[in-house]
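Now for the letters of each chain:
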Amino acid sequence: MTTTADRGPVAITGMGVKTPVGLDLASFWAGLCSGTSAAGPITQFDTSEHPVTFACEAADFDVNAYISPKEAAHVDRVTHLGFAAAVDALAQAGDLGADPARIAVVAGTGVGGLITLETEITKYVHKGAMRVSPFLVPMMMSNATAAFIALQHGFTGPNFCVVTACAAGTNAIGEATRLLRNGEADVVIAGGSESSITPVGLAAFNRMGALSRRKDDPAHASRPFDGGRDGFVMGEGAGFLVLESWDHAVSRGATIYGGIAGYGRNTDAYHITAPSPGGDGAVQCMNLALQDAGLDPSDIGHVNAHGTSTPLNDAAEAEAVVKVFGDAGPPVTSVKGATGHLIGAAGAVEAIASIVAMGKGTLFPTANHEAPDAELAPIDVVHGTPRPLAAVPALSNSFGFGGHNASLVLIPSSRSAG
Amino acid sequence: MDRSEAFANLKACAVEVLHVDEGVVTEEARFKEDLDADSLALIEFVMALEEQFDITVPEEELDGVTTVRQALDLVMTKLAARA
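So the sequences go chain by chain: C and Z.
Per this note's numbering, the first sequence runs over residues 1 to 418.
Per this note's numbering, the second sequence runs over residues 1 to 83.
Fair warning: there could be bad hints in the mix.
[To be verified] Here are the simulated BS3-like pairs of lysine-lysine, each with C-alpha atoms no more than 30 Å apart in a straight line:
hint	chain 1	residue 1	chain 2	residue 2
1	C	127	Z	78
2	Z	32	C	123
3	C	70	Z	32
4	Z	11	C	70
5	Z	78	C	70
6	Z	11	C	127
7	Z	78	Z	32
8	Z	78	Z	11
9	Z	78	C	123
10	C	70	C	127
11	Z	32	Z	11
12	C	70	C	123
13	C	360	C	323
14	C	127	Z	32
15	C	123	Z	11
Everything labelled a hint here was simulated from the structure, so no lab data went into it.
Keep in mind that this is a model prediction, so the values were computed, not measured.
Please work from the sequences and hints to get the whole structure.
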């Protein structure tokens with residue numbers, strides 16, 4: 001099919017989510033629109049020794065609907081979640097009509113198979129070297145999800161992972177867009193997955209001071225851009241999309257749900273975890289994405305923020321949004337009030353939320369955002385109830401520890417081919 | 001422990017670790033072809049046998065072990081050596 005470089009948008013023809021507020025698109029959307037948070041006491045392990053005892057778990061997820069118990073035993077939960085989201089996306093996309101050698105997979109994750117790593121380290125400490133599982137490496141490696149999706153479907157095209165912490169899901173979609181534009185694939189399965197709610201994972205994020213400690217009221221702990229925010233809430237989940245060159249999608253008669261028109265990514269090179277002063281890295285990143293899409297800030301009708309609910313991120317991001325869009329910029333949302341922070345899956349799940357919002361003509365509220373923080377630059381955070389949304393382009397941000405910034409410009413399906 | 005009791009215990013390990021039905025775990029069964037156990041799964045299975053029978057099986061002794069009978073022979077040898 002397409003073999004020459006094409007700077008135009010790529011088409012989204014399938015989406016799948018496994019999130020704390022919903023395990024399919026319909027329930028995910030309903031959960032977002034309800035404006036309530038999925039945060040609650042952690043059920044996967046005993047938290048009695050932890051200062052933080054809550055998270056957003058995908059508690060009802062059952063991998064046995066997707067793979068056999070034998071297969072499930074030899075892949076980590078991060079891959080269970082990612083694979084299941086990819087299968088859902090592929091089901092929605094239908095027959096891809098592509099040579100398997102022209103189907104790529106790009107997957108993002110923050111830390112890979114942390115549950116497996118912790119389990120096996122514990123075995124090593126208590127029982128010795130000869131009790132460590134031979135499956136530890138293939139289960140924990142960050143590229144396991146991308147490999148497993150390809151293995152199960154026979155997709156032999158380009159296959160790699162993006163490991164840029166909380167920006168990984170957005171970077172994966174952006175790198176997939178580049179593969180399609182460069183003519184290196186006809187279809188890319190792209191997204192991210194995360195399952196790092198473990199005893200050590202929880203302890204580690206808490207020791208950074210990154211997590212909300214509102215343990216007497218977890219349901220109101222993740223509150224992006226709100227004056228009472230005190231940190232993020234860990235979440236687990238996955239989001240995957242089927243992306244195609246626009247011509248390929250049209251020629252096979254696929255339903256197109258929207259598109260990726262622009263991708264920006266850069267790095268603060270300022271501090272390993274804190275955002276650059278004034279959100280300058282984020283400003284440049286958003287501008288790169290707009291330039292890549294050939295759009296002006298005034299063309300954007302919705303900014304889906306990274307909006308983690310940490311004091312530092314939300315302050316820097318609000319300032320950056322105002323620098324790019326002005327004092328009367330487009331409405332801003334954060335999915336993380338509802339889902340918590342899905343780390344390497346966040347950007348993918350949030351791109352899907354933005355595309356669904358465009359299709360529905362409705363903006364979901366930012367859960368738990370009750371009162372704007374007077375200390376923040378003035379942004380219009382959608383909260384309380386859903387709001388009507390015109391079918392115009394949106395911009396979605398992700399920023400990762402390490403100073404990684406990634407932004408996508410998403411467009412409605414109404415765009416004509418060419 | 002006699003051979004039939006050891007075989008019953010070995011079968012239980014195979015069912016749990018290799019995710020196979022008890023009925024297919026015969027002495028003639030081949031790990032790769034009949035029990036769908038690749039080299040990593042075989043190592044995991046031997047770890048389960050070591051715990052089940054409280055024996056130690058050095059990796060070099062697994063060379064050439066391709067059937068359930070050979071694995072059971074190995075277990076019986078280890079048990080006899082321990083007695």
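Here's how the hints hold up against the structure:
1. 127/C - 78/Z: OK: residue 127/C and residue 78/Z at ~20 Å, within 30 Å.
2. 32/Z - 123/C: holds (27 Å)
3. 70/C - 32/Z: holds (15 Å)
4. 11/Z - 70/C: The hint holds at about 16 Å.
5. 78/Z - 70/C: The hint holds at about 29 Å.
6. 11/Z - 127/C: holds (24 Å)
7. 78/Z - 32/Z: Holds, at roughly 23 Å.
8. 78/Z - 11/Z: holds (17 Å)
9. 78/Z - 123/C: With Cα atoms ~24 Å apart, residue 78/Z and residue 123/C stay inside 30 Å; holds.
10. 70/C - 127/C: It holds: about 24 Å lies between the C-alpha atoms, which stays within 30 Å.
11. 32/Z - 11/Z: holds (16 Å)
12. 70/C - 123/C: holds (21 Å)
13. 360/C - 323/C: holds (29 Å)
14. 127/C - 32/Z: holds (28 Å)
15. 123/C - 11/Z: holds (24 Å)
Checked against the numbered hints listed earlier, the structure breaks none of them; every hint is satisfied.
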